Amino acid sequence: MHGMVNRALQGFLTTTYGDAVWAEVRSQAGLPFDDFEAMLSYPDPMTSACFEAASHVLHKDHGTLLEDFGIWLVTDPHLEPVRRLLRFSGARFEDFLHALEDLDERGRLVLPALDLPRMTVSHAGDGRFVIDAAWSLPGVSAILTGCLRAMADDYGTLAFVSLGPIAGDGHERLEVQLFDATHSKGRCFELGQVCA
Amino acid sequence: MTAAPMFERFGDALDRLLPMHLWIGADAQVVRAGPTLTKMMGQGDLHGQAAFALFTIRHPGPVDSVEGLRAMSGQRLGLVLRHAPELPLRGAAVALPDGAGVMLDLSLGLSFARAVTAFGLTLSDFSPCDQTIELLYLHEANSATTALSQHLTARLQNARAEAQAQAMTDPLTGLANRRAMDGEITRALADYSDDFGLMQIDLDLFKRVNDSLGHAAGDAVLERVGDVLRQHLRLGDMAARVGGDEFIVLFRDCAAPDDLGRIAKRLISACEVPISYRGQMCTISASIGIASVRAYGQRPSLDQLLADADAALYAAKRAGRGRFAFHGSPPIEANIAVPVMHRRRADDRPPGGFRRRQNDRVPRPD
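From first to last, the protein sequence lines are chains L and A.
Counting the first sequence from 1 gives a position; this note's numbering is that position plus 330.
Counting the second sequence from 1 gives a position; this note's numbering is that position plus 8.
I should point out that these hints are in silico values taken from the structure, not numbers from a laboratory.
Quick caveat: nothing in here was measured; it's all calculated off a predicted structure.
We put the CB at the ideal spot given by N, CA and C, even for glycine.
All clues given are correct.
Sample of chain L residues lacking proximity to chain A, with all beta carbon distances greater than 10 Å (derived):
| no. | residue |
| --- | --- |
| 1 | 357 |
| 2 | 462 |
| 3 | 469 |
If you anchor each label on the Cβ, the simulated ranges turn out as follows:
| no. | chain 1 | residue 1 | chain 2 | residue 2 | range |
| --- | --- | --- | --- | --- | --- |
| 4 | L | 500 | A | 53 | 54 to 64 Å |
| 5 | L | 510 | A | 66 | 45 to 55 Å |
| 6 | L | 378 | A | 200 | 53 to 63 Å |
| 7 | A | 66 | L | 500 | 53 to 63 Å |
These stretches of chain L come out as covered by chain A in the derived footprint (C-beta under 8 Å, 3 or more residues):
| no. | stretch |
| --- | --- |
| 8 | 361–375 |
| 9 | 436–450 |
The following block holds chain A by itself, in its conformation from the complex:
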C-alpha cells in the first residue's frame, strides 16, 4: 500500500485531531484540508487547488514548492493565509513518504483573539487537545479582571483625594490645617459669650534655613514650632499650620491685649531657641499679627478677622524680625521686657513707629 491511500483511510482521524491540516500532494495540489482550515479559507472544498496560492510562508523564508516545504520538515513556520495577511499563523510541515507530498498543520499563534473573530471560529472548530480555547478564556478573563482592578484603583485614588480634601490635620506638624482653623474661628465668632484672640504667625529666617540646610532641616524647624505652639495652648485653644511657614493660633476667652501680648512675646522667644539639626544650628524667629474680637463694635466676619490679623502681621514683619503687632497699632519688639504692652505702645513709640532690634539674645548664623 502506498502512503496516499493509507492516509485517505485515516482522513477522518486527521480532520478530528488536526482540524487545521493541509495535505499537499507531490503535484503541489491540495489532497485534503482540515475542516477548520477549510472554514478559514472561506472558498469551499480545497481539494485539487494549487496549495501554494493559499498561503505565504514568511519564516524561515519564502517557499513555493513541495520540495522546498519538505526541506523545512520539523521547523517552526511563520505564515499567513493569502486572504488574511494581517493574522500571523504558526505551522509545522512534515515530509510524507513514498511520494505522498507534505503534511502542513497550522495553529492560530498569538493572533488567536483576533483570528477567531476574523474567521468566525467556534469551540467545535478546535481539537479538544488544543489549548487555544483556554488562551481565549484567559484573554477574556484577564480583560474583565483588569477592568475591575482599574476600577478599584480609580476608586481608591478618589477616596484618597476626598480624604485629603476632608482632612483637618497638617501631616507634618500634627497641628490643625487651614480648613479646620476656618471652621473653628467661624464657630468662635458665632459664640458671643466667647471673646477670643487670634494670632497670625509667620516665621522669620525660615527660608534661609530651608535654602542653606535643606528641606529636611526646614521640616525639623516646622515640627519644633508645632511643638512650641502646642505647649502654649490651653483647653479650647487651637493652633493650625496654614501655609509653608505660616501658623494661626486661636486663644479662647483671651481677648485682652495684655494677655495676648504676653503670649506673643513668649511664643517669639520660644521660636528663637536654636534647634540642632544634624550638627547644624538652625535659628529662626517669628513675627506675629494679632486681632482680638474685643476691638470690634460688632463681630467681624471670618474674612475680616483674618485680613486684620494678616495686616498686623504685615506691619510687624515690615518693622523687622521678632515683633508682634495688634491690628491697628504699631508693632512691638518682643525681646524687650515690657510688663504692660499697651502702655509701652502709647508711651514709648519709637521714632518712625518702628525700632530696630538692638541686641539679639541668641546667636545667629549670619
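Bound-form chain L, shown alone:
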C-alpha cells in the first residue's frame, strides 16, 4: 500500500487520539519503524495490521473506525490539499459523484504507484446513486461512506449515505440519496488559491 495511505492512517490516529495511541498501535501491529513515509510504499499486510491494531486499541468496531478515518481524510485541516484535489472533480456534489469513476486515474496522474479504490457509479434515478467499489484492502465502503458524508457537507448538499451489502466478488457497495443540492453554504473552494 502506498505510503500516502499509511501516513494518512498514522495522521488520523495521532491527531485524533494522540501519540500514545499511535505508539500502542505501532507496537501491536509490529511495525519495525516509528513513522510511515508518505512517499514510500509498504506491504499491504502492514497496513491491514495497523487497521486491526487500531480497532483493538481504541475498542472500536472496524466499520466505525474506517468511517471516522474517511471523514477525517476530508475534514482535517492538515489534509486541506486532499479536500481541494477532490473538489476539482466537479462543481456540484452530483458531478463529484459521477467523477468518482475517475478517482483512481486522477490519483495515478499524480502518483503512478498510488492505488485508490476503483469505483463504478450508477444513477438509479430520483437522486439515488449506487456505487460499487473495489480496493486492495477490505473495508473500502466504510471509508468511502465517511468521505462521501464529509464531501456532501463540503458542497453544502443534503444527502444520505448508507452501506450496501458486500458482493461475493470483493466489490463493496454503498448508496447515496441526494435530497437538496443547496442545503447549506458548504465550504469555500476557489480554483488556484487556498481559501482563508
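Given chain L's structure and the hints, the job is docking chain A onto it.
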C-alpha cells in the same frame, strides 16, 4: 438567412461550448462575448464595444482590424487582455462568412494557474471539455507531492548525518573510529581491575605514498595497516583509526612495558613490510607512543592519557622513523633486537637520547 442571425440562434450553444469566445462584427464591434470572457473583462456586457480595444495580439503580430484578424484564420494566436498584460492567453480566430465578421476563441494558456486567481474563475467557468481544470488539478497535486518528496529527502539527509555522527566504525579500514575508542578507553579507565596499555600510532612516509602514487595507493596502505592491527588484537583489545594516518590501539590486561614494547616492535615490523599496489611497491613505517595506566599513581583522565600517549608519539617521531617511546622515557628503535626493553632504555641510551637507524631491513624507494 445570413450568417449573423443564424449565429444569434446558436448563441446559447456558443456560450456553453466556447465560454471564452468573442464574436467581432464586420464593424469591429463586439457582437457577442462568452460568459467567462465577459467575467474576465470585468466591465459587464461587452456587446457593442470596440473589440480591438479589449485585447492586444502579440503573435504572430499586431492586428487592429477585422480584415487583419480574418487573415490570421486558423493560426495559433498569442494575445493578452489590455487590462491584464501580464497574463498571456492563447487564441484562434476563424473568418465568418457573409460579412458576419470574425470569431475569436481564447484559452488560458500556460499562465492558467495565475489566471484563474487573477480573474476569479470557478469550475463552472470552463467547458467540461476544457482540460484546464485537469491542468490546475495536476499543478496543485504536483506542488503538494513535491513538498512531500522534499520533506522525505530532508529527513533522509538528516538521518544519514545522524547515522554518521553515531557511527562507531571507520569505513575504510573497518576499525573503530575516534568516537568508539574514546568510549572504550573511558570504560577501561573506570574498570580498576583492568590495567591496560594504550598505543598511539602514526604512519611514517605515508604522505609520500599518497603524494607519489595517489590516494588509492594511500587507501590500500591504510587498509593493510588496519589488517596488521587486527591481527595483533586479542579478545577485549580495540584498534581505531582516529585520523588520516593515525591509529590508537588499546591492549586490555597488558600494562607491562616489556609486553607493550614487544608488541610495538612487532607492529612496526609488520607495517614496514612493503605493499604492492598496481605494480608499485609502497613502503611505510610507523612511530608509536605508548602510555600505560600502571605508570600513574591514580587513574588518569581520558584526555590526560591520550595527551601522554601523544607526547610519547611526538618524541618517537622526532627521534626518527620506526621508533616507539613510552610516555616519560626516551624513544626506542624498533629494528634492533632487544629482548628486554626497559633494560636497554636504561643501559644503552644513545648519545643525545636518540639514535639514527643504521640499516633498514626493507628497501625504501627513496
